[in-house]
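Enquirer: Sequence:
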Amino acid sequence: MDEQEFIQLADQELTRLEAALEGASERGTADFDVETKPGGVLEIACENGSKIIINRHTAAREIWLAAKSGGYHFRPQNGCWLATRDGEALWVAVARVLSEQTGGKIDF
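Residue 66 in my numbering is what sits at position 66 of the sequence shown, and the numbering runs on without skipping anything.
Please keep in mind that the hints were generated in silico from the structure rather than gathered at the bench. The structure displayed is predicted, hence computed values, not measured ones. Careful: at least some of the hints might be erroneous.
Derived lysine-lysine pairs resembling DSS-like cross-links, with alpha carbons at most 25 angstroms apart [what the hints assert, rightly or not]:
| no. | residue 1 | residue 2 |
| --- | --- | --- |
| 1 | Lys68 | Lys105 |
| 2 | Lys51 | Lys105 |
| 3 | Lys51 | Lys68 |
| 4 | Lys51 | Lys37 |
| 5 | Lys37 | Lys68 |
Label-pair ranges, simulated between beta-carbon atoms [stated by the list, open to error]:
| no. | residue 1 | residue 2 | range |
| --- | --- | --- | --- |
| 6 | Ala45 | Arg16 | 29 to 39 angstroms |
| 7 | Gly49 | Asn78 | 20 to 30 angstroms |
| 8 | Arg27 | Thr84 | 28 to 38 angstroms |
| 9 | Arg96 | Asp33 | 34 to 44 angstroms |
| 10 | Glu5 | Asn48 | 34 to 44 angstroms |
| 11 | Glu43 | His73 | 10 to 20 angstroms |
| 12 | Arg27 | Ala60 | 30 to 40 angstroms |
| 13 | Thr58 | Arg27 | 25 to 35 angstroms |
Note that the Cβ used here is the ideal one computed from N, Cα and C, for glycine as well.
Using the sequences and the hints given, assemble the complete structure.
Expert: Below you can see the structure in the form of structure tokens.
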């Protein structure tokens, strides 16, 4: 996959994820805000002051997730973004780390 294809694919996923997070914030028990930053970055600010950063890493052709529990790398495979370490889906990982950091339930 060339750079432009990756950027388009990653940006589409980040846009979908942002919309889902906004909806989850409104109807869930977790308190957080989502903000898009330049360069393919989503910043999730939790009420307790912690943050989760999700960004595209173009050189590696991955989406990276940084949370209190650690860093995670995801690659596109068969229509999903899967963790390079254990195959966990990006959306599952985001819900998990967000629940861990906020103490609330996240439903997409």
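Enquirer: The structure should be examined with respect to each hint, and the outcome stated for every one.
Expert: Here's how the hints hold up against the structure:
no. : hint                              : result
1   : Lys68 - Lys105                    : holds (17 angstroms)
2   : Lys51 - Lys105                    : holds (17 angstroms)
3   : Lys51 - Lys68                     : holds (8 angstroms)
4   : Lys51 - Lys37                     : holds (13 angstroms)
5   : Lys37 - Lys68                     : holds (20 angstroms)
6   : Ala45 - Arg16: 29 to 39 angstroms : violated (20 angstroms)
7   : Gly49 - Asn78: 20 to 30 angstroms : violated (37 angstroms)
8   : Arg27 - Thr84: 28 to 38 angstroms : holds (31 angstroms)
9   : Arg96 - Asp33: 34 to 44 angstroms : violated (19 angstroms)
10  : Glu5 - Asn48: 34 to 44 angstroms  : holds (38 angstroms)
11  : Glu43 - His73: 10 to 20 angstroms : holds (18 angstroms)
12  : Arg27 - Ala60: 30 to 40 angstroms : holds (34 angstroms)
13  : Thr58 - Arg27: 25 to 35 angstroms : holds (33 angstroms)
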